[in-house]
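Q: For reference, the chains in residue letters:
2 protein chains.
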Amino acid sequence: MLARYVPILTWGRAYTREQFGRDAIAAVIVTIMLIPQSLAYALLAGLPPEVGLYASVLPLVAYAVFGSSTSLAVGPVAVVSLMTAAAVGRITAEGTADYISAAIVLALLSGGILTLMGVLRLGFVANFLSHPVISGFITASGIIIATSQLSGLFGIASHGHAMPELLTSLWDHLWEINPYTLAIGMSSLAGLVWIRRDLARRLVALGVPAATATTVARAGPVVVVLASIVASVVFGLGEKGVALVGDVPQGLPMFVVPNLSVDLVAALLGPAFIISIVGFVESISVAQTLAARKRERIDPDQELIGLGAANIAAAIGSGYPVTGGFARSVVNHDAGAVTPAAGAFTALGIAIATLALTPFLALLPKATLAATIVVAVLSLVDLAILKKALAYSRADFAAVATTLGVTLVFGVELGISLGVAASILIFLYRTSKPHVAVVGRMPGTEHFRNVLRHRVETVPKILSLRVDESLYFANARFLEDCIYEKVTAHPEIKHVVLMCPAVNAIDMSALESLEAINGRLRDMQIDFHLAEIKGPVMDRLKRSDFLQHLTGKVFLSQHAAIAELTQVSDGPRRV
Amino acid sequence: MLARYVPILTWGRAYTREQFGRDAIAAVIVTIMLIPQSLAYALLAGLPPEVGLYASVLPLVAYAVFGSSTSLAVGPVAVVSLMTAAAVGRITAEGTADYISAAIVLALLSGGILTLMGVLRLGFVANFLSHPVISGFITASGIIIATSQLSGLFGIASHGHAMPELLTSLWDHLWEINPYTLAIGMSSLAGLVWIRRDLARRLVALGVPAATATTVARAGPVVVVLASIVASVVFGLGEKGVALVGDVPQGLPMFVVPNLSVDLVAALLGPAFIISIVGFVESISVAQTLAARKRERIDPDQELIGLGAANIAAAIGSGYPVTGGFARSVVNHDAGAVTPAAGAFTALGIAIATLALTPFLALLPKATLAATIVVAVLSLVDLAILKKALAYSRADFAAVATTLGVTLVFGVELGISLGVAASILIFLYRTSKPHVAVVGRMPGTEHFRNVLRHRVETVPKILSLRVDESLYFANARFLEDCIYEKVTAHPEIKHVVLMCPAVNAIDMSALESLEAINGRLRDMQIDFHLAEIKGPVMDRLKRSDFLQHLTGKVFLSQHAAIAELTQVSDGPRRV
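For the protein sequence lines, the chains are U and H, in the order given.
For the first sequence, our numbering begins at 1 and goes up steadily by one.
For the second sequence, our numbering begins at 1001 and goes up steadily by one.
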């Protein structure tokens, strides 16, 4: 029972020395990659840089205990950092103790929500974030984040978590550009872009194995960080107005009990829920992709518990909301991680770095961190999704465009909320007007097809309709209208046969509609029949008294219906 | 073009003397029935009684011009009156000029919304009120209304539009019961119940034709009203503390321009929308039932315009929101109305009554009107729906119970909103976990059925899955999990065939999931195939590049898939 919720009890017992070796190597590489990212994402979240390091220690240990993916690397990520900034920034000002405290509470709430969802097996809630919504949201977030980092690259002030405010504030401060900051920022950017685009290829050309080259290239940004620190010292950039990371407290924070006021919890509960779902969807997708390569399976509900534990640990360790990151998980996997222990070793690496490296990090220009973020998030921006969605269906395009547009203009929370609402409404709208075909018999066969698409035989006194959708409240009245329209236009109709091979369910509203159709057709002296009803749907219908009232019959096949009804005399009718 | 939106231009031209005769007779009977109801419902809405009469004049004329039902009788109805009281009562106190003015604005907004929905052909929005929600809502409204009228029957004060407040206030004032009011109230109630239950039967026993007896019984309450007025005069009830209707302005109101402030409109827009939808759903259901008896068809979008015009007319004529009433429409139909002109003649009747009868109505005890309402709304209360829903499905029961409970405890607006939200979420939840069956071949046939239900033949290296639901965002990841779970448990699987005869649509999220499944199965060296995809779904898939990436094939039938894949050698695999 306990082992079900704590995977480490299963894999931990069989942990081998060989596994340790592979996990440790992966941990070293991920640690090198994670240090600059942690600092940068904390700044993006409006937090002191060391909070990013804190969020990369305890959460990784917690995930190693409770998580089920052998490849996932958790920690601060770009989109969640932006969402944290948006949520906390609405409550209090950046740079205050309240701000940090609110970020901790946000992690705690997020952890609680994720854990609860995992225990209650509510992972399906994440399904409401449809692919178009997630794509539009991630792309918009990437654009917002990249734009917000321009201030760091230019050495100017900016504020806001949506495009209009960001662009206005950037424009207002544009004359304040610091040339030294700009120089170090642009150099860092160029270096990072070169590492990302060309380094692996160059290494391969030099004879380095492809896998190693890729891994080295992924850890490469640390070189840019080191070079920036050196430049900062050599040119005395701090005195020239270039913003440096500055003094970072050496050592790990004490375990804190967050300051939980009712007002704060109430204000953060909604954002925490959205952050949880977005973080989970991103994480589970990475975890499943990497698991498939090892023919392993990820249990989504256990992942909720793993991420929940990681976020609660983030709160305990003075961090902020975390989730599984795409790039670092791929690095972790490619570097050979075979158990969640790799994450725990990474945590150890970050802890050592926090203790030992902070004096050097104080000299790092913030512009370099901004460049790190810009390079990382530009890979999130995928405007081609708009074109792809448009080609596939207008409904999906509408969902992408709504989410993308609202997120850019009004921010992350409204963007994702309206995106979800739009995709649900679009789905309901589509199923509310299902495809309904009048069908006839293909000559010489027992097959019935759409009269508009095929040359088929029909009987004037029989209206055969096939409805290609489950019948439920949103389309129940549509079906009624559809039938009334046809029978009032054709007074010769004496029988209506509803062919239901594609009806997977009939809810109570649809049942009520079928009863209304039956009663109203009876008033018109028309019999109402059903054909090809699926087993589970028939079981359900038998639980009501509908079949007793049905004026016609239930036929096993459309062919049987037409064969029998064609022979029936429709002379004097019962009253 | 104009005739499309103004049905009177069509039927009005062919209007005959015979039609006039039948419409006029129906109008007389409906007028007699409508006078006490109009007064009573206005009081229920917290408005002076004459407002009910005003709402029964112009709206009927407007509906006669724009409506499409030949039987529908519009005017004040119980549920909409309660909703009006709830909406306006939140803004201002009963008995003030602002209250009346807000009710007029509510009618105007409701009329605007309905007309706009009709012109934009948005009638499908009403589909979101599922049958369980409407049933639960109407039943709860009936209970609330009946309870609220106890104060009128007892002659005590009460307030509130939900049960807790109503019951508390009734309890607080219980010691103030006026025995004369109680006596006249209970006598009226007894008389009305007797008329409803027994009068028609007695008349038939006396040799009156059944149809006439029913119609007389429907108009019977006017006798109780007359008797109460006589009792009021004879016993001088007014001096004994019995609340009378009191002075009603003689004559019709001037056309008023409602006082439209932005704040008022903002506060009333939400309630106006809910009132519009509820009124429309009730009205269209009555109209369709009665139309079917004449083998006529109701155009829902034209009905929106008809009801919209009626509500705008209500605002112009100092009335309040109206809709088609069930009982009076049935009376109208049974009394022989053949065109919407019957409504216009009823309006004339009410106008004459307003001019001529108001001195007599002043003496009518309000307790009699309360009794009228109680008798009318008790027919709305249908607690059996709970049992029926429970027997049919837990999901529908949850929707009924949510709507009923929340409406009773928290009032009409929250009740219907949460009911709609619940029924949408329940639907999404149900479709998010569709029925998925592993299928095998029925021996000696080409049919494939569920391995759990039938003795079928399977091939170990092939996993055949049939999914009984359209694939969309809410169930896309469920399908992924389902497949990964099965293939990781059975390493012998080399092929997965997804059988899609019940898949009516594949949205972009589901497409993304299929791509992920394809890619991840490829990583596991498993081929992914599809079978029995419907034409429209296939057309859609061809608009993406999914089929180019598919590791397996698309088979026309499951049988063809198994036949071919069984023969394939699965020796050395491509990388």
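These are calculated hints, taken from the structure and not from any lab test.
It cannot be assumed that every hint is accurate.
Said to hold, decoys possible - Mimicking BS3-like on lysine-lysine, the simulated pairs with C-alpha atoms at most 30 Å apart in a straight line are:
(1) Lys1294/H - Lys494/U
(2) Lys1486/H - Lys294/U
(3) Lys388/U - Lys461/U
(4) Lys534/U - Lys1294/H
(5) Lys1433/H - Lys542/U
(6) Lys494/U - Lys553/U
(7) Lys1494/H - Lys294/U
Q: For each hint, tell me whether it holds in the structure or not.
A: The hints, checked one at a time:
Among the hinted pairs, Lys1294/H with Lys494/U is consistent with the structure: their alpha-carbon atoms are about 15 Å apart, no more than 30 Å. Under the criterion of a C-alpha separation no larger than 30 Å, the hint pairing Lys1486/H with Lys294/U is consistent with the structure, at around 15 Å. Proposed proximity of Lys388/U and Lys461/U is contradicted: the alpha carbons are some 46 Å apart, above 30 Å. The suggested pairing of Lys534/U with Lys1294/H is violated, with an alpha-carbon distance near 34 Å, which exceeds 30 Å.
Restraint check: the Cα-Cα separation between Lys1433/H and Lys542/U comes to about 23 Å, which is no more than 30 Å; the hinted pair holds. For the hint pairing Lys494/U with Lys553/U, the CA-to-CA distance comes to about 14 Å; that is within 30 Å, so the pair holds. A hinted pair counts as satisfied when its Cα atoms are at most 30 Å apart, and Lys1494/H with Lys294/U qualifies at roughly 15 Å.
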